[in-house]
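**Q** Start from the sequences and build out the full structure, keeping to the hints where you can.
Numbering-wise, the sequence shown is residues 19 to 115 according to my numbering.
Hints listed in this document are in silico derivations from the structure and should not be mistaken for laboratory results.
Computed from a predicted model, the values in this text were never measured in an experiment.
Ideal Cβ positions, reconstructed from N, Cα and C, are used throughout, including at glycine.
Some hints could be false.
Stated by the list, open to error - Distance condition first, Cα-Cα at most 30 Å in a straight line; then the derived DSBU-like pairs of lysine-lysine:
{"#": "1", "residue 1": "K44", "residue 2": "K102"}
{"#": "2", "residue 1": "K66", "residue 2": "K44"}
{"#": "3", "residue 1": "K44", "residue 2": "K84"}
{"#": "4", "residue 1": "K66", "residue 2": "K53"}
{"#": "5", "residue 1": "K66", "residue 2": "K84"}
To be verified - Simulated DEER-style distance windows between Cβ atoms:
{"#": "6", "residue 1": "I32", "residue 2": "F88", "range": "28 to 38 Å"}
{"#": "7", "residue 1": "N104", "residue 2": "P69", "range": "11 to 21 Å"}
{"#": "8", "residue 1": "S33", "residue 2": "Q86", "range": "27 to 37 Å"}
{"#": "9", "residue 1": "N31", "residue 2": "Q86", "range": "34 to 44 Å"}
{"#": "10", "residue 1": "L36", "residue 2": "E56", "range": "19 to 29 Å"}
{"#": "11", "residue 1": "M85", "residue 2": "N31", "range": "26 to 36 Å"}
{"#": "12", "residue 1": "Y89", "residue 2": "I32", "range": "33 to 43 Å"}
{"#": "13", "residue 1": "K52", "residue 2": "E93", "range": "17 to 27 Å"}
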Amino acid sequence: MSVGNVCTVIVVNISILLQVQALKEKGNECVRNKKYAESVLHYTHAIKLDPVDYSLYSNRSLAFLKMQHFYFAMEDAKEAIRLKPNWAKVIIFISGW
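**A** The structure is reproduced here in structure tokens:
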């Protein structure tokens, strides 16, 4: 891989990370405004771009919980734990279920 290709890959990765962060912020804003279904769309789009970001699954899990979609909330919580096993926020969430 040439230096030019490495730079292109880094720029693309930064661009994707910026998109993910923007989508996560939109999702968070929707949750604050109790627009849970819309927040799920933003988090889902972000997950498609970055499927290993545990916080996206955790956030989407909360949105599903607020909509009383308990199965999907639990599935996302389990995925967040799979990706980050010692993350206390999700462990407490599941243990309080």
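**Q** Run every hint past the structure and note whether it holds.
**A** Hints, one by one, checked against the model:
1. K44 x K102: holds, 23 Å
2. K66 x K44: Holds. K66 to K44 sits at ~15 Å (cutoff 30 Å).
3. K44 x K84: Answer holds: K44 to K84 is near 17 Å, not above 30 Å.
4. K66 x K53: Within the cut-off at roughly 20 Å; holds.
5. K66 x K84: holds, 22 Å
6. I32 x F88: 28 to 38 Å: Holds, since I32 and F88 (Cβ atoms, about 37 Å apart) stay within the stated range.
7. N104 x P69: 11 to 21 Å: holds, 20 Å
8. S33 x Q86: 27 to 37 Å: holds, 36 Å
9. N31 x Q86: 34 to 44 Å: holds, 37 Å
10. L36 x E56: 19 to 29 Å: holds, 21 Å
11. M85 x N31: 26 to 36 Å: The hint (26 to 36 Å, Cβ to Cβ) holds, given that M85 and N31 are roughly 32 Å apart.
12. Y89 x I32: 33 to 43 Å: holds, 35 Å
13. K52 x E93: 17 to 27 Å: holds, 22 Å
Going through the hint list in order, the structure satisfies each hint without exception.
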